[in-house]
Structures are given as structure tokens and as C-alpha cells.
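In order, the protein sequence lines correspond to chains W and B.
Counting from 1, one number per residue, gives the positions in the first sequence under this note's numbering.
Counting from 1, one number per residue, gives the positions in the second sequence under this note's numbering.
Treat the hints with care, as some may be off.
[Unchecked claim] Quick list of in silico lysine-lysine cross-link-like pairs, DSS-like style, CA-CA up to 30 Å:
{"hint": "1", "chain 1": "W", "residue 1": "K44", "chain 2": "B", "residue 2": "K544"}
{"hint": "2", "chain 1": "W", "residue 1": "K62", "chain 2": "B", "residue 2": "K547"}
{"hint": "3", "chain 1": "W", "residue 1": "K55", "chain 2": "B", "residue 2": "K199"}
{"hint": "4", "chain 1": "W", "residue 1": "K244", "chain 2": "W", "residue 2": "K221"}
{"hint": "5", "chain 1": "B", "residue 1": "K544", "chain 2": "W", "residue 2": "K62"}
{"hint": "6", "chain 1": "W", "residue 1": "K95", "chain 2": "B", "residue 2": "K142"}
{"hint": "7", "chain 1": "W", "residue 1": "K44", "chain 2": "B", "residue 2": "K646"}
{"hint": "8", "chain 1": "W", "residue 1": "K44", "chain 2": "B", "residue 2": "K142"}
{"hint": "9", "chain 1": "B", "residue 1": "K191", "chain 2": "W", "residue 2": "K55"}
{"hint": "10", "chain 1": "W", "residue 1": "K44", "chain 2": "B", "residue 2": "K199"}
{"hint": "11", "chain 1": "W", "residue 1": "K55", "chain 2": "B", "residue 2": "K67"}
{"hint": "12", "chain 1": "B", "residue 1": "K199", "chain 2": "W", "residue 2": "K62"}
{"hint": "13", "chain 1": "B", "residue 1": "K633", "chain 2": "W", "residue 2": "K44"}
{"hint": "14", "chain 1": "B", "residue 1": "K544", "chain 2": "W", "residue 2": "K55"}
{"hint": "15", "chain 1": "W", "residue 1": "K172", "chain 2": "B", "residue 2": "K82"}
{"hint": "16", "chain 1": "B", "residue 1": "K547", "chain 2": "W", "residue 2": "K44"}
{"hint": "17", "chain 1": "B", "residue 1": "K495", "chain 2": "W", "residue 2": "K172"}
{"hint": "18", "chain 1": "W", "residue 1": "K172", "chain 2": "B", "residue 2": "K337"}
{"hint": "19", "chain 1": "W", "residue 1": "K44", "chain 2": "B", "residue 2": "K82"}
{"hint": "20", "chain 1": "W", "residue 1": "K95", "chain 2": "B", "residue 2": "K337"}
{"hint": "21", "chain 1": "B", "residue 1": "K295", "chain 2": "B", "residue 2": "K67"}
{"hint": "22", "chain 1": "B", "residue 1": "K67", "chain 2": "W", "residue 2": "K44"}
{"hint": "23", "chain 1": "B", "residue 1": "K646", "chain 2": "W", "residue 2": "K95"}
{"hint": "24", "chain 1": "B", "residue 1": "K191", "chain 2": "W", "residue 2": "K44"}
{"hint": "25", "chain 1": "B", "residue 1": "K514", "chain 2": "W", "residue 2": "K62"}
{"hint": "26", "chain 1": "W", "residue 1": "K55", "chain 2": "B", "residue 2": "K547"}
{"hint": "27", "chain 1": "B", "residue 1": "K82", "chain 2": "B", "residue 2": "K199"}
{"hint": "28", "chain 1": "B", "residue 1": "K382", "chain 2": "W", "residue 2": "K44"}
[Stated by the list, open to error] Some chain W residues near chain B, calculated using beta-carbon distances under 8 Å:
{"hint": "29", "residue": "G42"}
{"hint": "30", "residue": "I106"}
{"hint": "31", "residue": "Q107"}
{"hint": "32", "residue": "T108"}
{"hint": "33", "residue": "L134"}
{"hint": "34", "residue": "R139"}
{"hint": "35", "residue": "T141"}
{"hint": "36", "residue": "L143"}
{"hint": "37", "residue": "D144"}
{"hint": "38", "residue": "W174"}
{"hint": "39", "residue": "N175"}
{"hint": "40", "residue": "P178"}
Derived from the structure by calculation, the hints contain no laboratory data.
Don't be surprised by glycine CBs; every beta carbon is placed ideally from N, CA and C.
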Amino acid sequence: MFAYVLRRLLYAIPILVGVNLLTFALFFVVNTPDDMARLQLGAKHVTPEAIERWKVEHGYDKPLLLNTRATGSAQLTDTLFFQRSAAMFAFQFGKGDDGRDIGNEIQTRMGPSLAIALPVFVIGLLVNITFALLMVFFRATYLDLWGVVLCVVLMSISGLFYIIAGQYFIAKLWNLLPISGYAGGIHGLKFILLPVLVSVVAGIGSGSRWYRTIFLEEIGKDYVRTARAKGLSEIRVLFRHVLKNGMIPILTGAVVVLPLLFMGSLITESFFGIPGLGSYTIDAIQAQDFSVVRAMVFLGSFLYIVGLILTDISYSWVDPRVRLQ
Amino acid sequence: MLGIGLLAGCSDSWNNPYPDTDAHANVLYSAFSERPKHLDPARSYSSNEAEFTGQIYESPLQYHFLKRPYTLIPLTAEAVPKPRYFDAAGQPLADDAPTTAIAESVYEIRIRPGIRYQPHPAFARDATGRFLYHALDVAALKDKTQISDFPQTGTRELVAADYVYQIKRLANPRLSSPIFGLMSEHIVGLKALGDALEKASRAHPGTELNLNDFPLAGAEVVDRYTYRIHIKGKYPQFIYWLAMPFFAPVPWEADAFYAQPGMADNNLTLDWQPVGTGPYYLSENDPNRRMVLTKNPYYHGETYPEDGDGADRQAGLLADAGKPLPFVDKAVFSLEKETIPYWSKFLQGYYDSSGISSDSFDQAVQFSAGGDPRLTDSMREKGIHLVTAVAASIWYVGFNMLDPVVGGQGEDRRKLRQAISIAFDYDEFISIFLNGRGIPAQGPIPPGLFGYVDGVAGLNPYVYEAHGGKIVRHPIEMARKLLAEAGYPNGRNAKTGEPLVLYFDTMASGPDTKSRLDWMKKQLDKLNVQLVVRGTDYNRFQDKMRKGNAQLFEWGWNADYPDPENFFFLLYGPNKKVATGGENAANYDNPEFNRLFERMKDMDNGPERQQVINAMLEIVRRDAPWIFAYYPKSFGLRHDWVHNVKPNLMANNTLKYRRIDPDLRAARRAEWNRPVLWPILLLAGSVIAIIAPAVVAWRQRERTTA
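Okay, chain W solo, but in the shape it has when bound (with noise of 0.2 Å):
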């Protein structure tokens, strides 16, 4: 196990590489360093000069990829890539556009989008595999019918349609919680309930659907009729029997998003005034604030990936079949 994981982690390297040069590529087709130091230095009185000086202070007066006024390894060492990529893969991820040290900005962040993100994911979990074996049990009645009819519908919906319906209706028209805002500790309860119910219901829908499916398959398998045979009542069927053997393909689906918990969300993030990292993203985007953008999609790789390889090592936990070398 031990080796695998780590032959794993050292395959992640060359990906990690890959991720970061095409972001690299990608940023800097669509954004010279001037444009990045106009941008920071304002629309007023900018000169030439200024802008020279801001490159040369922010490290962005090097060549890009290859130096061709260095010798030797230099070419390819005195560049923006490498000065700008190399450290982060000790997770120093240096200073913003802004000044501000990112990693600290990522710790501080990671709390907010982990006080969402993990009830919704647990909540949303419990509720959406409750909902689907409720209609497994009652599958082929109006009762089944009328829930994938529900599901189809709160699919169809837009998430942000949720989002504004919940804040209308729930903390402005009905005044039962505050429309937006974060606090710490348990003075944050209260700003966090209306993000996490307009969450899980947006995911009701989808996830309902698709444990409905995986659960519908086990359900006509041999050892569920074994069950019966042996006169175990159908809810200790389907919650002893079914619930652990469908499991599989859930935790499997569940595991490799954990990670990416850490990430946030954009949107809810944006709405309920979350100060979480799935704004951070995009706000640096918006401010052409390179360094921020590389180390977001590095950090959000290598987390998929780790997210990957607990996937893996969850499918050999839950099915003994399954053996990793």
C-alpha cells in the first residue's frame, strides 16, 4: 500500500509540472506582464517607466520560459517559469499582486469554505441517500414516481435560482436568518444555515437520482433476494444489505470530491458573503493576479489528485477484491 501511494504521489510530480506550465501558457497568451502592471498601477498618469519599474519590483521583467542572455543552466533557471513555479512545489506560494502571502490567505480561507462545504457534504449525503432509498423501497408506486418527477425538476433548476429564491423568500420576506455575512465560532451558526440548506436542496435532485440508479441495480441482485428468502423485513434489507453493498460506487464518488472540499464554492461563496478560497480564484482572475491564479490550480490539482489516490485506497477498504501493488 505504502508503495503505491508513493509510487502515486511521484507520478502526481510530472502532472503537477504539466498543470503548471499549461496554466503558465494559458495565463500569459491572455495577459503580458504589462498588462498585469497597468492593471495593478490603475488607469490614471501611467507611464512607461512605471510600469518597468513594477515588472522589475514584482519579478516580472525576466523572459518567460527561456533566457537566452544566460549561459548554461541559467537559460532555463533565470525565468519567470522556473523562479515562479519552482518553490511551489515546497508550498511556498509566495506574495499576491496585492502584497498579501498567499498560503496565509489559503489557511485563513480554507475555514469559511470548510464551514459550507462539509455539511453540505455530509448533510447533503445523508439526505440524498435517505431520499433515494425511500424511493427504492417504494419503487413502481405513485410515491417513486412522484419523487423521480421531483428530482428531475429540482435538477432542471438553475443552483442559482436557489440561491436567490432562499435568500428571498427565507431571510427577506420571512426574516428567519440573515441574507449574507460570516462570523467565527458559534456566532457563525446562524450565517451558515441558509447557505447549507440552499446547498443541499439545489443537490437533492441530482444526487437522489443517481443513488436511486446505483441502488436499483443491487436491489436485483442474488444475495438481495437471499435476504428475502430468509425473511428479513425489506427495510433491514435495504439499509443492512443494499445501503453497505451500493456503498462501493458512493464513497468511491464521495472520496475523490473530499479534497476539493477545501476549495469552496463559487457561487454560494459569492452570494452568502462567505470569505472562503472559491472566490479567491476568480477575484484573482478578474485582477490578472498571476501568482494567485497558479497557485489555485495547483493547489486545486494537487488535491484532485490526492483525492484520486484516496479513492483508490477507499475502493480496497470497502471491497476486499480489490488489492493495490
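Start from chain W and add chain B according to the hints.
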């Protein structure tokens, strides 16, 4: 629902985003949609940053809160300085000496004694007088991420040297001050200081530059409370810069404090944790969530202005005359990126004032038969007030004067531009796209600035005419006639018969961009001229402008200071963008206009200056390098518990004048935010109604199976 129920016991208003203990506190609540990038007065230049820096830092001068036109008055200075002029030999000259004879202007500023800085650890000293926090190592700073993590604070008196120190900071290459380029053209020796600092910065990349070791010929400390600034030649507009945070004092102790290793890694920099003498200091700085300004306990004190006009008195703006400032104890700014929650919270009373987004405009404002904006009944019932003001800004459509089709000074090109100017009906644009929030522009100078002429007397005769005492646009027939005279009868080239196709570059984006651009095409359709829109992003647009590749483009300008020079310089030949990288994006260059500009910029306001301005206006209106589109009008709302609100589009330090009635606010909030409980009961009932038949069905099935 259980969670909501639990919260119910905690508060009268369940949706209150603030602690209940603050319900009657003298706190002003506001929001910011974009976190500020810089709070260092040498770097900060955006209006969203000025909202904070304006309250924290104090430049020597400020704008009078009530007087219009905008008037400069002393802030920390004892008086508004009058420049003294000297010739090349250093001999003093008379105040009315010709500009050509003036080699140097000297501004001597004397600040008031006894002004102290906000409490800050950078000033904290031990019993022996040594600084407590100027020799910290990285380990000592490990757990210090906020200024409040330093237990000891101190203060000291503001001295003239702090102002000189800040002027030097403008030249520090590590700060990349946006006005360094401009100021180095005016302040004696600033360019040389910038070069010296750049050299030193390159030689010692990891070391902090001690600005006190670098002399600046153009800024000298005369005594503890007096300093002088030497300006090359004559630059009367410099006085306005003295009212901006760029020229506010920065204590050297702050730079020394923040320069310590480990500080920047914890986001402890002057760019994020300002140190000033103003009425407020930044007590909480979490730009991802909220920023809090708290009353500076060492504030030197100032009183509410007593000299306003009759309209101010009638509006209740003189009710607090002579009372000590500031009124509000604390101002809480919450990050609110989206307009919907912002607007909803304003209506719930959780924000004291608000702008009006296009989404909520119809809900808030309606227009009378005479076209005057007024609040809707629902807003009036809530006691909300409407505040409007014309911004010191202009939006225009520029013609690239280097372009072979629309540019140049030939009579035919001029007529072409005039025809297009008439065709673009900006009265209609303001009505359709701005909800009436704008005034059609008659020239480059917006209302409220010297040089602007109101009414029929100030109309642009090449686009408008007077009709029954009103200003109306020339009929489109006149535009067609001009177009024909320009060589394009019915929109076709008279020589080749080819249709006239024009190209419009824009970086517009947003939900109504397409309709706006369609509207523009429609305007030229009236002349049978085709308009091709070339949408582009900000970077490419800037690039095109720099290279002169655009033909028609849309741009705007927001005044730095209330002087016509700040608008006319956008059309001054030597500022051409393609040739010099200046702000003259149209690349307009008329020698007569240039000559008049050079004369006008150095003149004092008065009839003579107005005469020169009128001549300049006539030239630019005739040449039409811009389609003068509109002067934007700002609409704002405030609750009736907020007092002393008068739009001052030049001043940034107006928070100190605001007064609120917290008890009225608390009562209104309680009244407007009573929780509605029936939806919870309805939801619970619905869940039971759904579950009950399911349980029954399950039991039946279980029995059947058994």
C-alpha cells in the same frame, strides 16, 4: 428548522447579521464590493480604497464639506498655502509674474502643533525610551497576525518631517506609486531621488531603504511644523494634490516597524495596516469579510462646518454646525459582492445607505412628468431619502485623430465627426440605459467645475440648438447634410460609391452590452453608415489605444481635482497617447487649442480664464475629436436615521460628518424584521403530509410480505 428555532431565542430579529449587543451602538454600517488593493497613501488611488484612507490619513488640505463649487480649506495645515514664485536666478517674483519668467514655485506649509497619530505599536516605547517593537525577530512575530496582537501601543506628535518623508516615499521604486511619473515632472529633484533609490534597491535587494538617508531637493523641513515643496515652474493645480492622501504624512517609525523580517509574511504591512492622524483608525482589517474603522482616541478635533448656504440650512445640513467631529464611534464595512443581498439588507435596515443598481432601480425611483426623479411610495413609507449628484466625470466616444477616415483636421473630416456627433442621441441613451442617471454632455467640463456654463448659454452649437429656452439636438437632416458635405452623401463615398463603414472598439461587458451596442449601430443607421463593433478585453483595448489602432472608442474620465485643466489635458497635443503614452487617447492635436491650454492651466479662476476656456470649448466642439456623451449622475439612498449627507465627489474624508440615530434604527429594524413563522409550520405540516402516507404504505407492504 430546529436550528432556526434555537436561534429564535437569541434575538428579536432572527435575520440580524450583527451582534444584538450592538443594536443601540453608535455604529455606521456600510459595505464594500471589492476588497481594497492598497491602503498605503503612496500607492492607493482607487475610490474604494479612498473610502478607508480618506478617514485614516490627513493631508494638509481638504475640501469644504458643504461649499460649492468645491473649495479647499486647511486640514492639518494652518492655512491654504499660496505659492511664492522665483526666477531662474532664485530671485522672488510677483504673484502676477508671467509664467515664462517663473522657474520655481514654492509652497510653504505650516501644520498645526499638537496633532497626534493613532495608537500604534510602532510608537510604543519602554521606560528608557527605546522602541518596544522595532527589533523583533521572525520567531517573535510568529503568532502576530493583527495589529491588536501587540499589547503595547504609543503615539507621537505629527511633525513636518513626516510630510517630507511621505513625498520621498512617492519615489520609492518598491512602492510603485501611481503618481510618481506625474509628480517627478513637477517636484524638484523627485526624479533624481527615484533614480537614486532604484539604484540602491538593485544594489541591496533584500534591505529596506532608509529614505532619511536620501535627500530630496524639492521638499525641505523648515522647522518642526513647517515644510516647503519646490515645484518646477508654475503648476497651480498642485494645490489640489495637497488634498489627496498621496501627500498625507507617514511616520518613519511605521516603515521601520513593518520592514522587520516576518511582518510581511503575516500580512502586516503599511499597505494593509495604515497609520494616520485622521478621525478614525483601522481597528479590524479582514478584507475578505469586514473592515472596521474606530474613532481615533488621539484625534486632534475639528468642528462641523458652520458656513453653508440656504439650501444646506433647509436640508438640515447645518443642524450640527460647530459640534465636535466625528459623530460616529465606529464604522463597520462588510464585504458584499452581490447587489441582491446588499439591497435586501439595506431595505431591512442593516445597511445605513445604498446605491441603486439597475435591478432595483424601478423599485426605488420613479420619474415625475417633468422628468425629475423621486422615490417610490414604498421607499418613502420606509423613510428612505434619495441623494443625487452629478459626478465630476465624463463619458465620451473618441475619434482616433490619426485614423485616415475619421481623423485629421480637414474640413471634410470635421464635418463627418460633427454629423456622427449629432446622430448619436445620448439623451435617448441616458433614458434607456441609465434610467435617467446622466446629463448629456456639452463639452469636456462637467458641472460643478469652473468653466462649465449651465443652460442654453453653455450648449454645444455643433450638436444642439436652443428651442423655446430648452436644449434640443439638431435634427438628423442636419447630420445627413454634414455627412454629404464630408463626401459621404447618403452614407456612401461620393468618389467610389462604397458604403461608409466605421469601426467601434469597446471593452464593454455585462448583461445589457449587446443592447447598448445595437443601439449604437442604430444611431449610425440613421445616416446609412455601418458600424462594426469590435469587442475586446481590457488589455487588448489598452494595447489598441497605445498603438492607435482604434477608429472610434468609448472611454471616460473621473476628475482628480476640480479644475478644468484636469479635463482639457485629455485633449492637449503633447499628451497624445500614441506619441507619448499620455492621456490624450484621441490623439487630438490642435496648435491653437494647445496654446490656449498652456495659458489657461496657469491662470487663476476668473472672467479672463473663463474667456480662454470658452475659446477652447469652441475649438473642441468644432473639431469634435470626441462625441461628448454624458456626465454620469449618482443616485444614492439613505435611511432617515442617517444625517449630514451631502454628496461631495471630491472629498473622501466625509465619514467624520455623518451622524446617525441608533435608537431610531433599532426600532425600525425590529419593526421591519419580525420573523414570519407560518412557513415553518407549513413546511412541517407538508413533511408530515408526505411522510404519513408513505409510512402507511410501508406498514401495509410489510404486512403483505409477512
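Quick rundown of the hints versus the structure:
1. Restraint check for W:K44 and B:K544: the C-alpha separation of about 17 Å stays at or below 30 Å, so the hint holds.
2. With a CA separation close to 24 Å, the supplied pair W:K62 and B:K547 stays within the 30 Å bound.
3. Pair hint W:K55 plus B:K199 holds up; C-alpha atoms about 15 Å apart against a cutoff of 30 Å.
4. Under the criterion of a C-alpha separation no larger than 30 Å, the hint pairing W:K244 with W:K221 is consistent with the structure, at around 13 Å.
5. In summary, the hint linking B:K544 to W:K62 is supported, as the alpha carbons are separated by about 24 Å, within the 30 Å threshold.
6. About 17 Å separates the Cα atoms of W:K95 and B:K142, which keeps this hinted pair within 30 Å; it holds.
7. Distance restraint check for W:K44 and B:K646: the Cα-Cα separation of roughly 27 Å lies within the 30 Å cut-off, and the hinted pair is therefore satisfied.
8. For the proposed pair W:K44 and B:K142, the alpha carbon gap of about 38 Å is over 30 Å, so the pair is violated.
9. Proximity of B:K191 to W:K55 is assessed by CA-CA distance (about 19 Å); at most 30 Å being required, the pair is judged to hold.
10. Using a Cα cut-off of 30 Å, the hinted pair W:K44 and B:K199 holds, with the two alpha carbons roughly 26 Å apart.
11. Distance check on the hinted pair: W:K55 and B:K67 sit about 43 Å apart at the alpha-carbon level, beyond 30 Å; violated.
12. Of the pairs offered as hints, the one joining B:K199 and W:K62 holds, with about 18 Å between alpha carbons and a cut-off of 30 Å not exceeded.
13. Simply put, B:K633 and W:K44 have alpha-carbon atoms about 21 Å apart, close enough for the 30 Å limit, and the pair holds.
14. For the proposed pair B:K544 and W:K55, the alpha carbon gap of about 21 Å is at most 30 Å, so the pair holds.
15. A hinted pair counts as satisfied when its Cα atoms are at most 30 Å apart, and W:K172 with B:K82 does not qualify at roughly 55 Å.
16. With a C-alpha separation of about 17 Å, the suggested pairing of B:K547 with W:K44 holds against the 30 Å cut-off.
17. About 65 Å separates the Cα atoms of B:K495 and W:K172, which puts this hinted pair outside 30 Å; it is violated.
18. With a C-alpha separation of about 18 Å, the suggested pair W:K172 and B:K337 falls inside the 30 Å cut-off, and the hint holds.
19. With a C-alpha separation of about 27 Å, the suggested pair W:K44 and B:K82 falls inside the 30 Å cut-off, and the hint holds.
20. This hinted pair checks out: W:K95 and B:K337 have alpha carbons roughly 23 Å apart, not beyond 30 Å.
21. For the given pair, B:K295 sits about 25 Å from B:K67 by alpha-carbon distance, which is consistent with the 30 Å threshold.
22. Under the criterion of a C-alpha separation no larger than 30 Å, the hint pairing B:K67 with W:K44 is consistent with the structure, at around 27 Å.
23. Between B:K646 and W:K95, the direct Cα distance comes to roughly 40 Å. Violation of the 30 Å bound is thereby established for this hinted pair.
24. Pair hint B:K191 plus W:K44 holds up; C-alpha atoms about 19 Å apart against a cutoff of 30 Å.
25. Distance restraint check for B:K514 and W:K62: the Cα-Cα separation of roughly 40 Å exceeds the 30 Å cut-off, and the hinted pair is therefore not satisfied.
26. Only pairs whose Cα atoms come within 30 Å are accepted, and W:K55 paired with B:K547 is accepted, the gap being roughly 21 Å.
27. With a C-alpha separation of about 35 Å, the suggested pairing of B:K82 with B:K199 is violated against the 30 Å cut-off.
28. Restraint check: the Cα-Cα separation between B:K382 and W:K44 comes to about 41 Å, which exceeds 30 Å; the hinted pair is violated.
29. A hinted interface residue such as W:G42 counts as satisfied when its beta carbon comes closer than 8 Å to some beta carbon of chain B; here the least separation is about 5 Å, so the hint holds.
30. Annotation: interface hint on W:I106 violated; nearest CB of chain B at approximately 11 Å, more than 8 Å.
31. Below 8 Å, beta-carbon pairs count as interface contacts, and W:Q107 has none with chain B, the closest being about 10 Å; its hint is therefore violated.
32. Checking W:T108 against chain B: minimum C-beta separation of about 7 Å stays under 8 Å; hint holds.
33. A hinted interface residue such as W:L134 counts as satisfied when its beta carbon comes closer than 8 Å to some beta carbon of chain B; here the least separation is about 7 Å, so the hint holds.
34. Restraint check, W:R139 versus chain B: the minimum CB separation of about 11 Å is more than 8 Å; hint violated.
35. At a threshold of 8 Å, the smallest CB-CB gap from W:T141 to chain B is about 7 Å, leaving the interface hint in force.
36. Using the Cβ-Cβ criterion of 8 Å, the hint placing W:L143 at the interface with chain B is satisfied: the shortest such distance is roughly 6 Å.
37. Against a cut-off of 8 Å between C-beta atoms, the interface hint on W:D144 is violated, since the closest Cβ of chain B lies about 11 Å away.
38. The restraint placing W:W174 at the interface with chain B holds, with a minimum CB-CB distance near 4 Å, inside the 8 Å limit.
39. Interface restraint check: W:N175 against chain B, minimum CB-CB distance 5 Å, threshold 8 Å, status holds.
40. Using the Cβ-Cβ criterion of 8 Å, the hint placing W:P178 at the interface with chain B is satisfied: the shortest such distance is roughly 4 Å.
In this structure, the hints that do not hold are numbers 8, 11, 15, 17, 23, 25, 27, 28, 30, 31, 34, 37, in rising order.
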